[in-house]
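Chemist: If you want the building blocks of each chain, they are given just below.
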Amino acid sequence: MDVFLQGFSQIANVSTIIWMAIGSVVGIILGALPGLSATMGIALMMPISFQLPTATGIGLLLAVYCGAVSGASIPAILLGIPGNPNAIATVEDGLLMTQKGKAGSALGGAVVASFIGGIGSLLALVLFSPLIARLTLAFGPAEKTTLALVGLVIIASVSGNNIWKGLLMGAFGMALAFLGTDPFSNQLRIPFSKFLATTPLSKGLDLTSTLIGLFGISQVFFELRKPLLVGQHIEPVKIENIFPPLRKILSMWKIILSSLGIGTVVGAIPGTGASIAVFMAHNSAKNITMNSKGKLDQVGSGSLEGVFAPEVANNAVTGGALIPALALGIPGDAATAVLIGALMIKGVTPGFHLFATNMSLVYAIFITMLLANIFMASFQLFGVRLYPKILSVPQQILLPLILILSFIGAYAIAGQATAVGIYNLGIALVMGMIGYFLKRDGYPIAPIVLGLILGGMFEENFRRAVKLAGGDYLTFFTKPICLLFMALSILSIVLPIIAKKRGKR
Amino acid sequence: MTLFRTRKPMPFVFMMVSLLYFIYVISLGSSTMIGDEIGGDPGGRLLPLALSIFMFIASTVLFLTDRKGEAAKDERLGSSERRLFLLTVIVAILYVVAMRPVGFLLTTATLVFTLTFYYLQGNVERKSLKPWVVGILATLAFLVALYSIGRTITRFLLLNARQGRIPQWLGTTGFVVGIVLVVVLAIYLIVLKLTRARFHAEQVSPAIRNAFDACMLSVVTTELIYLVFRQMFLVELVRGLITW
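Note that the protein sequences, when read in sequence, are chains A and B.
Take any residue in the first sequence, note its place counting from 1, add 27, and you have its number in this note's numbering.
Take any residue in the second sequence, note its place counting from 1, add 20, and you have its number in this note's numbering.
A few of these clues could be false.
Within a straight-line C-alpha distance of at most 25 angstroms, the following computed SDA-like cross-link-like pairs (lysine to any residue) qualify [said to hold, decoys possible]:
hint	chain 1	residue 1	chain 2	residue 2
1	A	Lys221	B	Leu40
2	A	Lys506	B	Gly60
3	A	Lys253	B	Leu107
4	A	Lys322	A	Leu123
5	A	Lys127	A	Lys320
Think of the hints as simulated: they come from the structure by calculation, not from any bench.
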């Protein structure tokens with residue numbers, strides 16, 4: 028109880044509440060704007076979180092995360108354009124409800140569903156993450172090596188449409204992580220070391236600047252490929268009857284539970300993410316409504332059921348994705364990868380050590396997750412008539428703002444060191460250009476982030492494991508947990524290939 | 021050459037990168053853990069070497085299998101998009117290079133103004149150079165005026181609170197940032213209110229209107245970023261030419 032109170036005291040202050048409220052609104056706005064993702068929002072807010080106390084900073088990022096996932100439903104319902112892939116499955120029924128004059132019910136229902144999904148998955152996070160973290164007590168360096176490998180391989184194999192592209196990007200991310208100094212001998216491992224040894228680059232690439240470049244700056248360049256949007260024209264729609272009747276919500280309990288389960292489990296599997304969970308939840312809801320003997324409205328006919336299922340699932344992914352992130356240090360998706368990066372910048376390493384030595388911070392994270400969901404629901408419900416106006420902001424104004432916020436974010440992380448800040452600007456710009464060319468040619472960005480984050484963990488544990496085994500590389504094949512992880516790695520490569528071949532037939 | 025015409029360039033780029041990475045790692049030499057006299061440490065070169073080989077194999081597979089489709093022709097940028105893209109790249113590079121000598125305020129306002137103005141114009145043309153020059157001068161003048169007012173208030177409050185001439189709480193970061201924000205925003209909104217109707221009148225050319233909108237956006241963005249990061253979080257933003 029004392030530890031819980033310590034955790035509570037870390038966030039029980041006006042500053043945390045204000046920053047989380049700001050994060051929630053920023054998240055909803057970013058989520059609502061087509062093309063801007065939760066990951067980009069978190070990357071842009073990282074420099075601000077860096078300036079705040081750890082728990083407050085993480086609370087800010089979680090508020091952006093939850094807000095952005097939920098906010099994507101606004102354009103999906105009003106325009107039929109999802110703000111980001113999390114709301115793809117909301118489009119069908121959401122747009123039909125708007126056309127039927129039920130935009131208010133659809134928007135309000137989406138918020139209630141998101142709140143249920145967020146809170147439900149938070150319960151799973153609170154219950155399971157300490158247990159999974161405890162399991163890692165059985166992990167030595169060899170097990171941790173294969174754990175990093177499985178996290179990297181899974182996300183590389185399911186990202187994008189070509190497994191080789193995903194794997195290549197994962198390897199590229201790891202190669203970037205190896206720049207800097209050798210962790211065991213302090214030998215410099217950067218090209219042109221004669222010139223770069225005295226620069227901030229001798230410590231490797233700054234993680235925040237790299238993430239901001241890959242997700243923020245590259246997106247600005249990418250949006251310039253097509254004619255800029257002058258702002259979405261929204262036909263005036265009546266927004267009324269926002270709160271769905273309680274009886275209606277209770278009648279959908281099967282849909283809610285199945286979507287919650289799907290979202291949490293899919294979110295907890297590294298590399299899968301909300302875009303898969305929402306379709307699974309949508310399909311499951313379709314089956315439930317078909318077998319409901321007329322008690323529920325059919326999914327696909329412009330029903331609240333069709334909005335509820337994907338919206339419960341996509342916000343359930345947020346808590347689910349945090350389970351492996353906090354317990355194992357393996358992110359569930361790109362957004363949680365950036366969150367782990369933010370924790371690491373603060374000197375907090377996820378895993379059992381975090382649960383054993385800094386449980387008060389873990390409690391603080393749980394409470395901020397709860398607050399993030401409350402803020403998300405409150406702000407989205409109160410601003411339900413206001414947020415549609417965001418869609419009329421033209422890209423001509425939005426893109427310069429994103430670019431400058433990306434730059435200032437990369438610069439500000441250096442604090443008082445202006446020279447480091449200028450180098451960070453350069454890193455962000457170069458990574459932005461690389462990210463643009465990769466996105467243009469269909470290469471996934473998420474595996475690069477995973478490679479960057481897990482590369483260090485992989486190398487340190489690999490060398491330690493081999494050293495402890497007296498130079499015997501077969502040590503990885505003598506431990507059952509390692510074998511299990513390696514089997515998972517192989518399966519995660521083989522299964523998508525088989526599925527793709529079957530799909531072609 | 022036919023092979024290169026039908027293949028995408030990115031895998032070839034990665035083939036070259038992995039090859040250079042391989043040569044670099046070989047030239048680096050291996051380093052072992054401090055105190056590894058009895059051996060067993062695979063050394064710092066093994067994993068980078070393995071990675072470079074894997075990257076070469078993966079990029080070669082992609083080079084041979086990932087061909088240019090018919091869609092590649094459609095993916096080419098249009099003339100105006102290409103110009104805007106190039107402008108963004110050049111302005112971004114100049115921003116990074118000029119930040120130190122010119123300073124945060126002037127470079128940031130210039131970047132936001134230039135991009136917003138040309139994005140609103142929809143193209144980069146010679147005829148829009150004049151409104152750009154006038155707009156950038158107006159932007160920088162307005163920004164420096166707002167900054168100077170904010171700076172004067174900040175100095176007055178901090179100095180007098182430190183010397184005990186006014187209550188200490190008037191010199192706290194929160195109060196100073198709050199009061200500067202209120203004053204600066206009030207002046208900005210008054211200027212906006214007084215000038216907006218004139219610049220948005222029907223007889224005003226779209227280029228002038230766009231320059232006005234870009235000016236107002238860049239001033240408020242730069243000033244807010246300055247207040248949040250410099251005054252609230254105490255990040256050392258480069259002063260450059262503005263030394264006061």
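Chemist: Lys253/A and Leu107/B: Cα distance at most 25 angstroms?
Modeler: Roughly 15 angstroms separates the two Cα atoms, so the pair holds.
Chemist: Holds or violated: Lys221/A and Leu40/B, Cα atoms, limit 25 angstroms.
Modeler: Holds, at roughly 18 angstroms.
Chemist: Tell me if the straight-line CA distance from Lys506/A to Gly60/B falls inside 25 angstroms.
Modeler: holds, 19 angstroms
Chemist: Is the hinted pair Lys322/A and Leu123/A satisfied, with a Cα-Cα distance of at most 25 angstroms?
Modeler: holds, 20 angstroms
Chemist: Take the C-alpha atoms of Lys127/A and Lys320/A, compute the straight-line distance between them, and say whether it is at most 25 angstroms.
Modeler: The given pair, whose Cα atoms are some 24 angstroms apart, holds under the 25 angstroms limit.
In this structure, none of the earlier numbered hints is contradicted; all agree with it.
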